[in-house]
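Enquirer: Protein chains in written order, with our numbering: chain A, 610 to 1034; chain B, 610 to 1034; chain C, 610 to 1034; chain D, 610 to 1034.
Hints are computed from structural coordinates only; laboratory data are not their basis.
In this text, all values refer to a predicted model and were calculated from it rather than measured experimentally.
Incorrect hints may appear among the rest.
Put simply, identical chains are the same to the list, so a pair is met inside one copy or across any two.
Said to hold, decoys possible - Keeping only pairs whose Cα atoms sit at most 25 Å apart, straight-line, the calculated SDA-like set for lysine to any residue is:
id, residue 1, residue 2
1, Lys922, Gln952
2, Lys794, Gln751
3, Lys922, Gly890
4, Lys922, Pro889
5, Lys922, Thr881
6, Lys893, Thr1000
7, Lys646, Glu704
8, Lys729, Asp918
9, Lys646, Asn702
10, Lys909, Arg645
11, Lys922, Arg775
12, Lys909, Asp669
4 protein chains.
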Amino acid sequence: MFGENPINPADGKIAVLLPGMGAVATTFIAGVEAARKGWSAPIGSVTQMGSDANGVPIQDLMPLAGLDQLVFGGWDIYPDTTFDAAKRAAVLNPEHLEKSKELLASITPMSAVFDSNYIKNIDGPNTKKYDTKWEASLMLQQDIKNFLKDSNCDRGVSVWCGSTERYVEISEVHLTIEAFEEGLKNNDPGIAPSMIYAHALLKSGVPMANGAPNLALDCPAIIQLAERENVAIAGKDFKTGQTLMKTIVAPGLAARSIGVAGWYSTNILGNTDGAVLDDPGSFKTKEMSKLSVLDAIFDKESNPDLYGDMCHKVRIDYYPPRGDNKEGWDNIDLFGWMGYDMQIKINFLCRDSILAAPLVLDLALFMDAANRANLSGVQEWLSFFFKAPQTSAGKFPEHDLFHQRQMMFDQIHNFVPKDSAAAAE
Amino acid sequence: MFGENPINPADGKIAVLLPGMGAVATTFIAGVEAARKGWSAPIGSVTQMGSDANGVPIQDLMPLAGLDQLVFGGWDIYPDTTFDAAKRAAVLNPEHLEKSKELLASITPMSAVFDSNYIKNIDGPNTKKYDTKWEASLMLQQDIKNFLKDSNCDRGVSVWCGSTERYVEISEVHLTIEAFEEGLKNNDPGIAPSMIYAHALLKSGVPMANGAPNLALDCPAIIQLAERENVAIAGKDFKTGQTLMKTIVAPGLAARSIGVAGWYSTNILGNTDGAVLDDPGSFKTKEMSKLSVLDAIFDKESNPDLYGDMCHKVRIDYYPPRGDNKEGWDNIDLFGWMGYDMQIKINFLCRDSILAAPLVLDLALFMDAANRANLSGVQEWLSFFFKAPQTSAGKFPEHDLFHQRQMMFDQIHNFVPKDSAAAAE
Amino acid sequence: MFGENPINPADGKIAVLLPGMGAVATTFIAGVEAARKGWSAPIGSVTQMGSDANGVPIQDLMPLAGLDQLVFGGWDIYPDTTFDAAKRAAVLNPEHLEKSKELLASITPMSAVFDSNYIKNIDGPNTKKYDTKWEASLMLQQDIKNFLKDSNCDRGVSVWCGSTERYVEISEVHLTIEAFEEGLKNNDPGIAPSMIYAHALLKSGVPMANGAPNLALDCPAIIQLAERENVAIAGKDFKTGQTLMKTIVAPGLAARSIGVAGWYSTNILGNTDGAVLDDPGSFKTKEMSKLSVLDAIFDKESNPDLYGDMCHKVRIDYYPPRGDNKEGWDNIDLFGWMGYDMQIKINFLCRDSILAAPLVLDLALFMDAANRANLSGVQEWLSFFFKAPQTSAGKFPEHDLFHQRQMMFDQIHNFVPKDSAAAAE
Amino acid sequence: MFGENPINPADGKIAVLLPGMGAVATTFIAGVEAARKGWSAPIGSVTQMGSDANGVPIQDLMPLAGLDQLVFGGWDIYPDTTFDAAKRAAVLNPEHLEKSKELLASITPMSAVFDSNYIKNIDGPNTKKYDTKWEASLMLQQDIKNFLKDSNCDRGVSVWCGSTERYVEISEVHLTIEAFEEGLKNNDPGIAPSMIYAHALLKSGVPMANGAPNLALDCPAIIQLAERENVAIAGKDFKTGQTLMKTIVAPGLAARSIGVAGWYSTNILGNTDGAVLDDPGSFKTKEMSKLSVLDAIFDKESNPDLYGDMCHKVRIDYYPPRGDNKEGWDNIDLFGWMGYDMQIKINFLCRDSILAAPLVLDLALFMDAANRANLSGVQEWLSFFFKAPQTSAGKFPEHDLFHQRQMMFDQIHNFVPKDSAAAAE
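Same shape as in the complex, but just chain A (with noise of 0.2 Å):
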């Protein structure tokens, strides 16, 4: 029948493979298990808390896997366990902490790829040493290999929760397969860390989603060899804090026809994701990530009376004394009829590994559904938990949350069970 997927059960044990286990991977590890225990619910994700207009739980729409079935593993640049690393990331209260010390004191990460070129401000041990970027990816094919014999996994699913690398443009090396990987050998300067996990994970045949707005799967030889190994993809940069709030707020405005003169945006944090954006490097790609948000919003072609002068400014301060509740304060300003001006100021006090934690969790679970549905390349679908969604080819993202709700509810639709679709034709 058009429009369906049909999806295999979701039985079997998943490795769950982070590359990056900061507060993110942590946060995220520690609440499942809490969700687990049944000490906390597990608030802020849409898989396990959600449901479609009419009241139904998206796990009464499509087969999801359970939390039980996850495994969880990763690569950091630093030796401690997560309980180390959670404490460290100072994120969850001695409470929490001590609650989820069992399992996060069993969790030590694999060495990391790492390449100062494209992280700075921060370092650490626990790196790999290898000759070329292929021989790390390499490396990695091997990890995977071996993590998910040594956990008993049929399969696993891919998160990338490191820090943000620099800004890299497109170039030659990214745009097929063969300069790609003539680039791992060649130690091209243009090819970051998160690329190479791309290459590992996708060879491996484990979907991988990316939470940070570095390029990633983002570039033609990634997508194209997602498509080759018939994996799926998804894209980037975790929509938690400031930008979730753009894109619920400007959809609004844009559909009273409110005009917009200007917004503007300034952030404070102070926790390593902060101390990593200090660097300009690593800044400029993530204000790319939030300032593509707006324009797909409020189109100023259509619209010229509305939104073709409008100012947009986006600022991030590392701000220590805040540590990882980062905050952000937006300026709006708006006109209405006759041109009066009014002004929305939004103040968001919120945590930044709290709201990365559940996407983590949302993100795994639909990609391992991707997977178990033969769907490869980039999942569109999946816009919804994006500051800038990775589109396929030719397709301009979608920033408004709530058609990005839609997109997402069709496709769970889509999904059919196996046996019920065989039962169908």
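Assemble the complex: chain A is given as a structure, and chains B, C and D must be docked to it using the hints.
Expert: Here is chains B, C and D on its own, set in the frame of chain A:
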């Protein structure tokens, strides 16, 4: 064909009859004039500036009357021209007042049906003398007849732009047309002036929308009357400042399964509306209207973990320094993954009449379309414009702005010009 | 020498007697313990951390008792230890509670004098039974005598940390000592529990400060009693969150001759204090206290162009989600050169008990110093700590925080240790 | 008698010479005219509206020149009249512009000394041509001489109202009068236009105040020159929006020994000042000025527990939609008793020129008083008006607004009219 509403062409002159010709009504008229003359685009009006998801203007999707076809009239307790009323309202700056003077100075309100039991804190001399409310309705029917004739209008539409009446519970007198008309003759104290207007307008075949939170059209007797007389009605309470923002932001939080522990809203405004709301009776009417929106969007029953304990408070304070430039401040207490708390503060420096005026235009044009398409009774597809959308018996109101947008466009797509409708058969 | 107050040394143990041992009192005790043990500095206490304009610590300017000399006691309607009360108050985190457990668990409140006509919305079992209010005072006097003996204290001080009683107008019974004591014997309904405490404490020679806005000490009879018994009193209403900010910001605007058209203040809080203030009687007491500050700082009579039309509104709303973490939002409408308007918004996310606790310490130590210097009656130099500074008959209260600071330091410099005073003669 | 400054009567006409006749200068002139004509009080001017702690107006405490005695002139890179400049600045509304037109249209700026190495992002045609900076100073001296003669003024005062020049480090050329004058002749690149104005004005016996953060008067050579020529100087950088609020709020927090973990400040403004500050060189000058205030008020050395780890960040962003209506947002991270954290957010919607204009008036009148009292060199008692108060060598600047207020009144009380001074001897 199923779901289609054949609609007559939008030709001819249309009387726009406004009970209450104060700040909102005069700003509406001045802005229509500005758009006609071309010195200001009709910002905030979706009929004039809006388009569907594919970018097709609403004006190309259905036959709508043009601004030049509108003729303005109405009733008010002050006898001044709309120019003097606009000056007193102090919404428009001197330059805009001057530019609109010719039209505004030419419009004088008819004498109003007024009852100080229903609106405290204001009073005026331009009121009708009558023995029974039935007589008052007859006087209004005569006004309407005269206005249509004098202005050479084919047909009319009406939008209530008056103040908020005190809170009224539905009682016997509101349940049937018979009881209601009996009540008119007996001067039943449960019949508010807005209901007398409704009676007169519907008996005259004029569709009516209600921009205030008082019942007016929202009782069984009036709904039955609208259906019997084959006239459209819609209400209630223009969705403008704080509540507009609520129905934008709340659906976004719900879409992401983010928990809400509390939502505190306070409003300051200093215009006549603020003075009227300083009366506890009128405030209660408004409060009921403003409180309902969150319960509908955050479904406590289905999502007890997320919204079960939500505390929702709404305050309105009369604060004269600000005049028509009302301001809302919202504090939203959220919780996310593992229960960690976060906060959003929204400060909306808005303008009451500037936000309401384009809704008057949109409602006038859409109600006229309903009239030409022979739609009668409650027009739920106009919920997009209202804080407390009126529904037919047994239906639940939709508050999510984005679902409302969908409902509106679904109906817009249903309108089929009479000729093409005929051709399609 | 003129203006000097010879003061006895600060030796010996001091009973700190607290009517009301809830959130504020228990946080105060825990923090003193933390400072004694050295695991937290006494932040927010000017006796411990403050210094004069030349940087000389207050502790070097006058003889003050040390933290180790304080012994804590008090009365409460709940019989639990202060550890249980602190736990219920949920101000301190589990780690801090645990660290303070030994001391807090050792303190049990004496049974309270309580009258539900004066405080609504809360009730408790640990109350005294008596026939007349006179008898109640005698019981309290016995409590005090016992406590001093049992704890080996030379002397005592008292700080009211109880809830806000309902608003009371000054009447005959409050005008003289005689009428007041007659009223105690007659159970005059105009005598609030806080006044019975005041009577008992003053009769016992214990100075008393009042942290709540109810009259308590602020009536002629009690002032006369304080003078006759040669005991110091001070009040009223701890200046903590929003009002503290007001008395900081308003003097700055006044210093610059900036006009103020309006000042709108709203507060949300969810602790017991908030529940009590949800009763209109108690709210009125608080509102009177909070409203007075601006009129004193912005002098309408002398500056009609700047403050003649100022509109000042204060709201307090009980909002449970926030617990003890109250929040204020202020909107200030300014106007400057040629009348152009400007706005300041202040959003203070504060903590009720955290701000009040150090004031309890400062008042206890300063009142003990007043005692040792033989100062009696109203201590205006402590206005710095109060929302509604109590004054002797005929004096106007000073609200400007910076003038209050000056008054405080003037008195601090007046204290001369007895020996050196003798030597100087 | 000790501490008194005999002062000559305030008779005669005074030339007010303004380098930079843009938004601030034109708003200042229009407002003085409004006050003269009586259609707007001089709000925000302490010389006109302020009084001491006893309510005695400053004008009764010392002899000050009246508004009618002032004659306005100055220099600008644009040749338009001040009416055209005011129109372009878009600070005043059309009605106010019209009312001030007669005076504003009669004032044309003299050609300016301009150097695009010092101010980027703006340029204009009305500039002097010269070979050496010495020659430029001579031209300015001739301008001053002519202006005084043509306008029949006895004496002059000057207030720099120009843009912020780029950051300059003090070097050899700024250390002595000789080196400086040698530098003028050699076109030393370290000599900014504002210094050339300072040289010309001081050589002409005209006191000068500096409303911008550039050095101008703040170098040893100019201070020596002021002392040698017996002329008063004062600076620097008008204390207007965000920094004014800082020096109000910070002293209040310090008075209460409340800890400060961080203070984050961001500013958006869209006028010429904003455009100039978009240049990193000018921004650095401004940033240095804005950053200094907190360190002085929160003394880290004496109070390491309270302010030892304070993180202070200041941002300024050019944001055109807002024009002259700049806006500041501050987030202050506090901690109190036992280290519990709290937050204050301050959002100041202000107007750059409206806040600065009355300071121009106050500085002009006070500098004229200093002139008549024969005060020379740096006038620290005017610190009240400046973000970065200039001091004589070896003194620390005072930033606390309330200490500054005290310093100002101390000096005001020192002025003794010449006759009475004689009589008192």
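Enquirer: Hints numbered earlier in the text: which of these fail when held up against the supplied structure?
Expert: none
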